[in-house]
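Residue numbers (my numbering), protein chains in the order written: chain A, 1 to 151; chain B, 1001 to 1132.
Because the hints were derived from the structure by calculation, they are not lab data. Keep in mind that this is a model prediction, so the values were computed, not measured. It is possible that part of the hints are untrue.
[As the list claims (entries may be wrong)] As a list, the in silico SDA-like pairs of lysine to any residue whose alpha-carbon atoms are at most 20 Å apart:
no.	chain 1	residue 1	chain 2	residue 2
1	B	Lys1026	A	Glu27
2	A	Lys114	B	Asn1047
3	B	Lys1046	A	Val87
4	B	Lys1112	B	Glu1093
5	B	Lys1046	B	Lys1026
6	B	Lys1049	B	Lys1063
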Amino acid sequence: MAADPKAVPISQLSLHQLDQFKSQLDEDVAMMTASLQQLKIVQQKLVDSKESIQTVAPKNESKEILIPLTGSMYVPGKLKNTDSVIVDIGTGYYVEKNIKEADSFFQRKLDFVKKNLEQLQQGLMEKHRMRDGLIQMMKLKIQAQSSIANS
Amino acid sequence: MAGKAMLKEQERILQDEIQKFRGLQKEIQKCASSCSQLDTQLNENKNVKEELDLLEVDAVVYKLIGPVLVKQDLTEAKQTVEKRLGYISKEIERYTGTIKDLEKKQTEAAEKLSKLQQDYQQAMMKAGSVAR
């Protein structure tokens, strides 16, 4: 199996090995791009949650709201509790938080997601760089081979 | 002829070993995917533990059991999450160990396979030259 490009200069690898390595990199890039998309979706959801808790503010107390009972049935009601919300913290646990705590919770999660997005972006760029290097090397080898064949 | 029968036997053994090798590969893949699932769960539970640790002693915690949010005691919730973290970590260790063993077996099987293939090819060439 082709070695890590840092351990063996890719000019020493055969065309077949380079192709195998390229396929591996293609898979990695596809996987990372998919993960990137998922993270972006999560980020959007967190932003939406963070914004929506702002509407549960004291200034909206006693305002009329529609409460979903099922996917298509709502019930009219009045907003009573404007100082706490229940937040999903994962693995089936929910915590009652006041607006300020909930806001900082979402901010924490957003920061976490942002950090991961940045790391993933960097990794993805690195993979692209390696892949481009491989393709260059493959082109050179193909040219070399065809010039030998022609001579 | 005795030569032909031996060749057939070698071929059969070769096919057997190939099947075993493929089986090992499938096992390793299964373990690897379990491992990655467990890793995701581990991280999620770690995040929950961090959040619970940030809470005041009188914070209100609920657990989703079916369609019902059931009130939980904060200390109890923390303990449950800790226990889960311990369990998942142990499972990950177990799977990692299994994968190491399987990979060792796979390398041995690969060596055996390549030797059998070489022997088989040589035998085929000999059989070919004798028939002439």
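Could you tell me which of the hints above the structure violates, numbers in ascending order?
4, 5
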